[in-house]
Amino acid sequence: MAKKNVSVWTSIPFWRRSAAWVTGFAVMLLIWLSFDTLGQISMGTDEDLKAGTTKRVPAPTVINYNIDYKMDKKRGSEVPVIGAKEPFFGKEWSVEEAADLLHLGKLTSQAKNCMNCHTLLGNGAYFAPDLTKSWLDPMWSATGPMQAMTGKPTKEEAMAEFLINPSQYPTHARMMPNLGITAEEAVGLVAFLKHMSSIDTNGFPRNFSKTVDQFKVGGTNAR
Amino acid sequence: MLASIKTNSLTNEGQKLGMMYFRVAIILFGAQLLMGLIAAIQFLVPGFLFEIFDFSVARMVHINALVVWMLYAMIGSVYMMITDETGVETVGIKLGKLGFWVLTAAVTVVVLVYIFVQVGAGTEASIWLIHEGREYIEAPRWADIGIVVVVLIFYWNVFASYMAGKQTGIMTVMVANLMALAGLYLAGMFFTDNISMDQFWWWWVIHLWVEATWEVFVGTLAAYALIRLIGAKREIVEMWLWIEVLMLFGSGVLGMGHHYFWIGTPEYWWEIGALFSALEPVPLIAMFVHVLYDWGKEQGMAHGRGEEGNVVTNGPAMAWIVTNAFGNFLGAGVWGFFHTLPQVNIYTHGTQFTAAHGHLAFFGAYATILIGMMYYGVQKAHGVERMAMNFKSKMGIFLITFGVLGMTVALTIAGYEQVLVERAELGGTWNAFFIAQELPWYIQAQLWRTIMGVVTLVGFIYLVWDLLTIGKESQKEEV
Amino acid sequence: MFFEPFTDVVPSFFGWLNQGPLTLTIFLHTVIILPMFWIYKQEKANLEKEA
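Protein chains in written order, with the working numbering: chain G, 289 to 511; chain U, 30 to 508; chain S, 29 to 79.
A couple of the hints might just be wrong.
What the hints assert, rightly or not - Derived DEER-like restraints, expressed as beta-carbon distance ranges:
(1) G:300 with U:454: 50 to 56 Å
(2) S:62 with U:63: 50 to 56 Å
(3) S:41 with U:487: 54 to 60 Å
(4) G:342 with U:127: 52 to 58 Å
(5) G:342 with U:205: 38 to 44 Å
Hints were generated in silico from the structure; no laboratory data involved. Each residue gets a CB set at the ideal place from its N, CA and C atoms; glycine is no exception.
Using the sequences and the hints, build the whole thing.
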């Protein structure tokens, strides 16, 4: 039987079957990848923190530890570094207390609509600074202006005070409005921000850890 | 003029319902533009409505009105095509009409709560009753459940009519795609303390909507519109549609990876997100070529048959659909590709670059074709054979397109400045953010964005005026 | 160095595939595209039978 001249490229069944295959398989892959990722981004436990096991998203009790953001040669980017224990609002928080506090903080972050001015992990609106690593922002450090402005001796207390009365402490013409955040909610929000800063974001935002000294000697965290 | 809102020579109940959806959609479109203007002014005049109607509120209503008017216009478009495609009257249309009123009442309540309550306390009750504070899907949980119920009714209308009538290729894609589109909304309906987990599932809704299922929806609408507006051959249109489905889902589903670069998810998403999403513009080029090629071919064949004049039976609708074909490629394709690679995205993520892409992509890919469908609806409602562009239609399409392009260019410049200064040079801290926000080039860009926003609004006024009058005017001409 | 050592936090199957320039994504693209050759051949045979 001689071969007939047929055109597969203009055959609807060919494209229909190919579309079904490609879509179906891509969806299967996405689901498989999602299972793998969900395992990696589920929150760690307090035991992980005690044992020094690195988790992409640490347990809520990470608020009891010092957190830093440092250049890592092997990863080729900055990574969060969980250090020694430090008091948070003057105390160490138990597993339950820390979990409850983070819950309150996350709820408040949604109820107050943070994401429609700020970005969280880079997502949201672009009207106010990114909050991914705001816990580590030099503005709030002992040498930064905010502790002096709010008259509070620690980073967490300064942040909480600012969140309760944001428009009382303006740094620029564009200010954060008063959102009726209570003292309790403010503590929760600061815990939420401290926890977020401990998440391994593959080096985002880049150069956030660059200090004034590093600028003076030159050098970059880009790769 | 206002009487023409009711003027209706439609006998098909599904199409009547489609027109009802279109009317609400255009009102919400107007609300979106007004809120956008308030937010744009707040970039320039920080004290504008401060602690009265803050940026977060204006921006929330801006993007929610956007999503909701598009969903309304999409539902309306489907009701327009059900009978044309299946050959039967929409099944369960009474329930569909009830769904429309329930949804519209719910949307009204939600918007009023957004505007007058604005924020709640940090409790579960706020998430259930006020808003969820998650960009684009802020609707409170009670409304989520309402939306699911109404969408189930709508889906029943589509699915039952499909089963009862002819099962064309276009309708097959529509039915399958709508199921995915509706089902994905469920991924956004839960609360978690884990912000990485939160954003992981949030993107299942946002990305798999706008970069997968909504795009396929647009491909399906374009296929239907080409048959209706220029008499394109169904076999050719449906073959293209399957190719588009293949390429859109093939690149778009795993293109999801480009949202998983920096939210706590593993590094392997860099490669997946980069290469799959880099291919996302390919189907958009194909769609553009397809629309223009078919138009040229049909016109040429008509000419060959010795027919005089244009094959297009609805000038404004066709103009918007051609704008869609190009705008989709430019806004979603080119502006998306700009910052889709992780090497670039590490600096552009969370800057005005994203806003620039968002504006042109939502406009080019979705607003355009949905406006085109509204014109098609107006033509049917007035029972006119041919509807040509007039001065108002031309002003509408020109000013809106020019305005959105202008906003996009301005925001791109603002974003570029932000990327270099705030991100690359200063590292994205609080101070870095404000230094970049206060540079002259950034402020100038924001000023131009606002001016172009006003241009868009003027175009919108022409558009509404035209939609209200063009049907009657064309009727008179035909008589 | 052409092939980079594994750098991600947690080893996993996909992390293991992701150990060089574009290895993971090229692998995924390939497994998606390859079966289309088979679909093509089958379709061609079908059309030839009908013709």
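Outcome of the hint check:
{"no.": "1", "hint": "G:300 with U:454: 50 to 56 Å", "in the structure": "54 Å, holds"}
{"no.": "2", "hint": "S:62 with U:63: 50 to 56 Å", "in the structure": "52 Å, holds"}
{"no.": "3", "hint": "S:41 with U:487: 54 to 60 Å", "in the structure": "56 Å, holds"}
{"no.": "4", "hint": "G:342 with U:127: 52 to 58 Å", "in the structure": "54 Å, holds"}
{"no.": "5", "hint": "G:342 with U:205: 38 to 44 Å", "in the structure": "42 Å, holds"}
When each numbered hint is compared with the structure, no violation occurs for any of them.
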